[in-house]
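**Student:** Please arrange chain B on chain A, whose structure you already have, making use of the hints.
Residue strings, one per chain:
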Amino acid sequence: EAGVAQSPRYKIIEKRQSVAFWCNPISGHATLYWYQQILGQGPKLLIQFQNNGVVDDSQLPKDRFSAERLKGVDSTLKIQPAKLEDSAVYLCASSPEQEDTQYFGPGTRLTVL
Amino acid sequence: QKEVEQDPGPLSVPEGAIVSLNCTYSNSAFQYFMWYRQYSRKGPELLMYTYSSGNKEDGRFTAQVDKSSKYISLFIRDSQPSDSATYLCAMTEGGYNKLIFGAGTRLAVHP
Numbered sequence: 238e239a240g241v242a243q244s245p246r247y248k249i250i251e252k253r254q255s256v257a258f259w260c261n262p263i264s265g266h267a268t269l270y271w272y273q274q275i276l277g278q279g280p281k282l283l284i285q286f287q288n289n290g291v292v293d294d295s296q297l298p299k300d301r302f303s304a305e306r307l308k309g310v311d312s313t314l315k316i317q318p319a320k321l322e323d324s325a326v327y328l329c330a331s332s333p334e335q336e337d338t339q340y341f342g343p344g345t346r347l348t349v350l
Numbered sequence: 000q001k002e003v004e005q006d007p008g009p010l011s012v013p014e015g016a017i018v019s020l021n022c023t024y025s026n027s028a029f030q031y032f033m034w035y036r037q038y039s040r041k042g043p044e045l046l047m048y049t050y051s052s053g054n055k056e057d058g059r060f061t062a063q064v065d066k067s068s069k070y071i072s073l074f075i076r077d078s079q080p081s082d083s084a085t086y087l088c089a090m091t092e093g094g095y096n097k098l099i100f101g102a103g104t105r106l107a108v109h110p
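Protein chains in written order, with my numbering: chain A, 238 to 350; chain B, 0 to 110.
Simulated from the structure, these hints should not be mistaken for lab results. The C-beta atom is built at its ideal place from N, Cα and C for all residues, glycine as well.
Just a few of them, taken from the derived set where beta-carbon distance is under 8 Å, the chain B residues facing chain A:
(1) Tyr31
(2) Gly42
(3) Pro43
(4) Gly93
(5) Leu98
(6) Gly101
So that you can see chain A by itself, here it is in the shape it has in the complex:
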């Protein structure tokens, strides 16, 4: 079974630029999550999708972050404009319906200069 795929693996941008990350979850997984992991901290949930719909985006900074999951499969997370404090690893995870266990992708390491 293929795991969660993410791209790019690394991205370096300057502040005020925009950036987008892509995630393809494990086939058949209804729930998709985006997390932000700052160095030395645990992952923090940004947004959770159940199929096409948003279940929880309470910790998403909506003035600069946006995410979509078209057709209930893959998803993109965008930051526009980026700030220095957005430097982190952005992790995507997915889980089967009605399960709490989450399967993580390798993450995208973002550096904002």
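**Tutor:** Frame of chain A, contents of chain B only:
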């Protein structure tokens, strides 16, 4: 106060040692408890999953949950250099409630 507290370490042990990793939490509604292992520059991978209080064993790993004390532990027996990683505890109330992670404990097992 954070919802989940975890000592960041680092913890350095010799090969073959028994390792104890711990987390405390404040939300008594948490019912599902997990341990993830995260190697450097990789995503977290699920190691152990337990529901409510009690023990669960899987090979060299044992997870313990004490809901009355709001305390969970992961024990690693006969630790190996390949166990060197960051260990993250995580917990949730269940349903559509989000997973809350600890900050992670860095473990180094030296030969």
